[in-house]
Amino acid sequence: MSGFLNSSIGRKVAMALSAFFLMFFLLQHFAINILSVFSPELFNEVSHFMGTNPLIQFALQPVLIFGVVFHFVMGFVLEIRNRKANGVKYAQNNGAANSTWMSRNMIWSGVAILAFIILHFIDFWFPEINTKFVNGDWSGTMEGVEGYRYYEELVHKFASPIRVGAYVIAFVFLALHLLHGFTSAFQSMGGTAGRKKTLQTIGKAYSIIIPLGFIFIALYHFFNH
Amino acid sequence: MDNMNLTLKIWRQKDQSSKGQMVDYKVTDISEHMSFLEMMDVLNEQLVNSGEEPVAFDHDCREGICGMCSLYINGEAHGPDRGITTCQLHMRMFNDGDTITIEPWRAAAFPVIKDLVVDRMAFERIQQAGGYISVNTSGNTQDANSLPISKIAADEAMDAAACIGCGACVASCKNSSAMLFVGAKVSQYALLPQGQVEATERVKNMVAQMDLEGFGNCTNTGACEVECPKGISLDNIARMNREFMKANVKG
Numbered sequence: 001m002s003g004f005l006n007s008s009i010g011r012k013v014a015m016a017l018s019a020f021f022l023m024f025f026l027l028q029h030f031a032i033n034i035l036s037v038f039s040p041e042l043f044n045e046v047s048h049f050m051g052t053n054p055l056i057q058f059a060l061q062p063v064l065i066f067g068v069v070f071h072f073v074m075g076f077v078l079e080i081r082n083r084k085a086n087g088v089k090y091a092q093n094n095g096a097a098n099s100t101w102m103s104r105n106m107i108w109s110g111v112a113i114l115a116f117i118i119l120h121f122i123d124f125w126f127p128e129i130n131t132k133f134v135n136g137d138w139s140g141t142m143e144g145v146e147g148y149r150y151y152e153e154l155v156h157k158f159a160s161p162i163r164v165g166a167y168v169i170a171f172v173f174l175a176l177h178l179l180h181g182f183t184s185a186f187q188s189m190g191g192t193a194g195r196k197k198t199l200q201t202i203g204k205a206y207s208i209i210i211p212l213g214f215i216f217i218a219l220y221h222f223f224n225h
Numbered sequence: 226m227d228n229m230n231l232t233l234k235i236w237r238q239k240d241q242s243s244k245g246q247m248v249d250y251k252v253t254d255i256s257e258h259m260s261f262l263e264m265m266d267v268l269n270e271q272l273v274n275s276g277e278e279p280v281a282f283d284h285d286c287r288e289g290i291c292g293m294c295s296l297y298i299n300g301e302a303h304g305p306d307r308g309i310t311t312c313q314l315h316m317r318m319f320n321d322g323d324t325i326t327i328e329p330w331r332a333a334a335f336p337v338i339k340d341l342v343v344d345r346m347a348f349e350r351i352q353q354a355g356g357y358i359s360v361n362t363s364g365n366t367q368d369a370n371s372l373p374i375s376k377i378a379a380d381e382a383m384d385a386a387a388c389i390g391c392g393a394c395v396a397s398c399k400n401s402s403a404m405l406f407v408g409a410k411v412s413q414y415a416l417l418p419q420g421q422v423e424a425t426e427r428v429k430n431m432v433a434q435m436d437l438e439g440f441g442n443c444t445n446t447g448a449c450e451v452e453c454p455k456g457i458s459l460d461n462i463a464r465m466n467r468e469f470m471k472a473n474v475k476g
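Protein chains in written order, with this note's numbering: chain Y, 1 to 225; chain S, 226 to 476.
Next up, chain Y with everything else stripped away, as it sits in the complex (with noise of 0.2 Å):
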C-alpha cells in the first residue's frame, strides 16, 4: 500500500477519494443548515443529534478530520511536486488557451478554502469542543435560551457583516474549487463518466447550488436578525 500511495497515480487516487468524502460531508452538511431557514426547531434537534451522537463523535468525526487534513497535505505536497517537475518557467505561457481558470488554479483556491476552515473551526468547532469535551456540558442547552442553543449561536455568528463577508467570498472559492475538482475527482478513478455530459451537469450543478446555498443561509440570518 505504502508502494500505491509512493506512486503519481495512487497518490492522485487518494486525492480524489478524499474529495468524494468531502463532497458528500459538504452535501450532508448543507441539508442540516438549510433546516435553519424554515424550520429553527428541526434544525435544533438535527444539530443536537449530530452533536451527541457517539458514532458520528466519536468515528465520524475523527475521520472526517483526517479526511480534510489529509487533502490539504496532499494538495500541498502535489503542488510541490509539480513545481519541480516544471524546470524553466516559459517566457510566455497561454494557458487559457486549453484549460480553465479553475483548473490551473486550485491550489489558491484550496488555499482560501484552507482560510475559511480556519476561520470556521474558531466560530464554530472549538467552542463546540471546548463546551463538550472540556466543560463536560453534553446538554445542548445554554442559559436565557429555551430549549437547544444551536439556532440561537448560528444566527448570533451570522450577525457581523465581516464574517458574513468572509463567508460568501469563501463560499465563491468553493465553487471555483469544486468547478474542477468534480469530474476531476471522477477523471482520477478511471472513469471515462467523468467526461461524459450528465456527469458533468451534476458537477456544475452541485458545484453552483451548494456553495450558493450556503451564501444563501449567510445572507439569510444576517438580514432576518
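Keep in mind that the hints were calculated from the coordinates and are not lab data. Zero decoy hints are in this set.
In silico EDC-like links for lysine to aspartate or glutamate, alpha-carbon gap of 20 Å or less:
#, chain 1, residue 1, chain 2, residue 2
1, S, 234, S, 249
2, Y, 197, S, 460
3, S, 339, S, 249
4, Y, 196, S, 384
5, Y, 196, S, 460
6, S, 475, S, 423
7, S, 251, S, 266
8, Y, 84, S, 438
9, Y, 89, S, 240
10, S, 471, S, 423
11, Y, 84, S, 344
12, Y, 196, S, 381
13, Y, 89, S, 438
14, S, 244, S, 277
15, S, 455, S, 384
16, S, 339, S, 278
17, S, 239, S, 344
18, Y, 89, S, 344
19, S, 251, S, 323
20, S, 455, S, 349
21, S, 339, S, 266
22, S, 471, S, 426
23, Y, 89, S, 249
24, S, 475, S, 426
Dock chain S against chain Y, hints included.
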C-alpha cells in the same frame, strides 16, 4: 496577402550546462504558404550568411508523423493551430508585423541540449520499461485474424497508438506530467488480447519509470488533450489509472 515581416523572440542556449536567454531576430518576406519550420530555415540561412550560429531545432519528416519537431510558439505547444505538429503549422496563422515567441519544451525531465532542442530520452526509457509485447517472431507467427478483436477495441487501440511521442503533452501541462503519453502507450496494449499477458507488469513498470524520470502529477486540466497533435484523448489517462489500480490489487 503580401509577404510578412516578423520579429522572432527565440530561446538561445549554447549547451546543456550553459544559461540561456531570449534573443530577438527579424525575418522579412515570409510567405503565408511556408510552414513554420521553413520560416525557421529562412532565419537560419540568414544567420549562416552573416556568420552567426544558426538556431538548433528538432525536425525530421516534416509531414507530421515522426514526432521530432517541437517548439513552444506564442505560449502553446506546436503553436496556435489544433491537431498539428510544428512542421504542419502554416505561416498564414500569423500576421505581418507579429512578434512570435519561440521556446523549447519546458520540463525538468526534458533538459535543453541546445537552443530549442530538448532531450526526450525519458520517453524512450518509459517505453523500454514496458511499452512492448514479447512475441516470438521466429517465422511461425500466427495469422493476426485468428484472434477476434471487437471493432471498438481495435479502433480505440489504434487511436491510442497514433501517439507520436512528441512531448507536447508534457510541455503544455502546468505540472509537466507525462500521463497522456504513458496513458496512450499503456492503452494501446491494454485494449488488445496480445497485451493482456504482460498487462500487470507493464503498467506498474511504465508508471514507475515515469515517476523516476521526474515528470509531475496529472491534475486533469486537459491542456495535453487540446494541444496533442494526434488528438490523444484524456480517456487514455483514465484507462491507465484503472489498469494501475487493477495491477496493484493483483499485486
